[in-house]
Amino acid sequence: MIPKIKTGIAGLDELIGGGLPENTITLIYGPPKTGKSITCYQFLQQAVADDDFCLYIMTDYNLFQLEEKMMQFNWLIHDYFQKEMMYVLDVASGSIGATQKETHTLKTSSPQNPTEIISTVIDDLQYIYQKTQSFRSILDSTTTLFSFNSPILMIRVLKSYTMRMKVAGGTGIITYTQGVADSQIETMLKATVDNIIHLDGKKIEIEAMVGCDSVSADYKITDEGIKII
3 MIPKIKTGIA GLDELIGGGL PENTITLIYG PPKTGKSITC YQFLQQAVAD DDFCLYIMTD
63 YNLFQLEEKM MQFNWLIHDY FQKEMMYVLD VASGSIGATQ KETHTLKTSS PQNPTEIIST
123 VIDDLQYIYQ KTQSFRSILD STTTLFSFNS PILMIRVLKS YTMRMKVAGG TGIITYTQGV
183 ADSQIETMLK ATVDNIIHLD GKKIEIEAMV GCDSVSADYK ITDEGIKII
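Going left to right, the sequence shown walks through residues 3 to 231 as this note's numbering numbers them.
Because the hints were derived from the structure by calculation, they are not lab data. Using N, Cα and C, we set each Cβ at its ideal position, and we do this for glycine too. Incorrect hints may appear among the rest.
[As the list claims (entries may be wrong)] Estimated spans, in silico, between C-beta atoms of each pair:
{"id": "1", "residue 1": "G171", "residue 2": "Q67", "range": "38 to 46 Å"}
{"id": "2", "residue 1": "S136", "residue 2": "K161", "range": "35 to 43 Å"}
{"id": "3", "residue 1": "D125", "residue 2": "F66", "range": "18 to 26 Å"}
{"id": "4", "residue 1": "K71", "residue 2": "Q186", "range": "27 to 35 Å"}
{"id": "5", "residue 1": "G19", "residue 2": "K103", "range": "39 to 47 Å"}
{"id": "6", "residue 1": "G19", "residue 2": "K161", "range": "37 to 45 Å"}
{"id": "7", "residue 1": "I154", "residue 2": "Q84", "range": "36 to 44 Å"}
{"id": "8", "residue 1": "F66", "residue 2": "S216", "range": "20 to 28 Å"}
{"id": "9", "residue 1": "N151", "residue 2": "P34", "range": "28 to 36 Å"}
[What the hints assert, rightly or not] When the alpha-carbon atoms are kept at most 20 Å apart in a straight line, the in silico SDA-like pairs for lysine to any residue are as follows:
{"id": "10", "residue 1": "K133", "residue 2": "F55"}
{"id": "11", "residue 1": "K71", "residue 2": "V50"}
{"id": "12", "residue 1": "K205", "residue 2": "G181"}
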């Protein structure tokens, strides 16, 4: 039986047989404002609940903004971060040239320099691997990276990213806004991951999942996050 990692969305876990297959990477994609980032927040909240380590790469918001977004759902991550259970790569601040003091759990990078992002990820993985051989990873989102870089380059970078995450023992999710790149690039993006979940604002569809059939269900976004109806 394939070990599973809870997503933080109880109805989704039931839909896919207990959670995401361990040591796989899942693409969550769809139009804007359909709950992709909220899915990331719930995956992170489950990491807090399970006392799992998490590597979080953010391209559209910084750590302070993430804490604010999480608090809207009454999810608190400050102590979790202070305990050095969460490693953050802040690409959003790098996109506007903002600077902040870096530590081994909080680093910044630029979206225009994906090679540097991968190098920083490797450094973080070394820290994490010293503490655990099983962790969660979140990349929210790839959309910004596609906007700043050649799509073909980003496909190569994402292949490297997913390979390194899996070798290190990570179970991860990455997000992407549908339609940002052309259909050929989107097909190539899907080929870099193990599992594919599509959100359209009303229906969640499991397009591909290791050890799971293609299934779908209705959902809604509530004050407690995404709920499967």
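Each hint, compared with the structure:
1. Between G171 and Q67 the Cβ separation comes to about 29 Å, which falls outside the hinted range of 38 to 46 Å.
2. Between S136 and K161 the beta carbons are some 22 Å apart, a value that contradicts the proposed interval 35 to 43 Å.
3. Taking the beta carbon of each, D125 and F66 are about 22 Å apart, inside 18 to 26 Å as hinted.
4. Look at K71 against Q186: about 33 Å separates their beta carbons, and that is inside 27 to 35 Å.
5. With their beta carbons about 43 Å apart, G19 and K103 fall inside the hinted range of 39 to 47 Å.
6. Look at G19 against K161: about 27 Å separates their beta carbons, and that is not inside 37 to 45 Å.
7. Here the CB-CB span from I154 to Q84 is close to 40 Å, well matched to the stated 36 to 44 Å.
8. Checked against the hint of 20 to 28 Å, the C-beta distance between F66 and S216 comes to roughly 39 Å, which is inconsistent with it.
9. Checked against the given bound of 28 to 36 Å, the beta carbons of N151 and P34, roughly 20 Å apart, lie outside it.
10. For the hint linking K133 to F55, the alpha-carbon distance of about 9 Å falls within 20 Å, and the restraint holds.
11. Between K71 and V50, the direct Cα distance comes to roughly 15 Å. Compliance with the 20 Å bound is thereby established for this hinted pair.
12. For the proposed pair K205 and G181, the alpha carbon gap of about 18 Å is at most 20 Å, so the pair holds.
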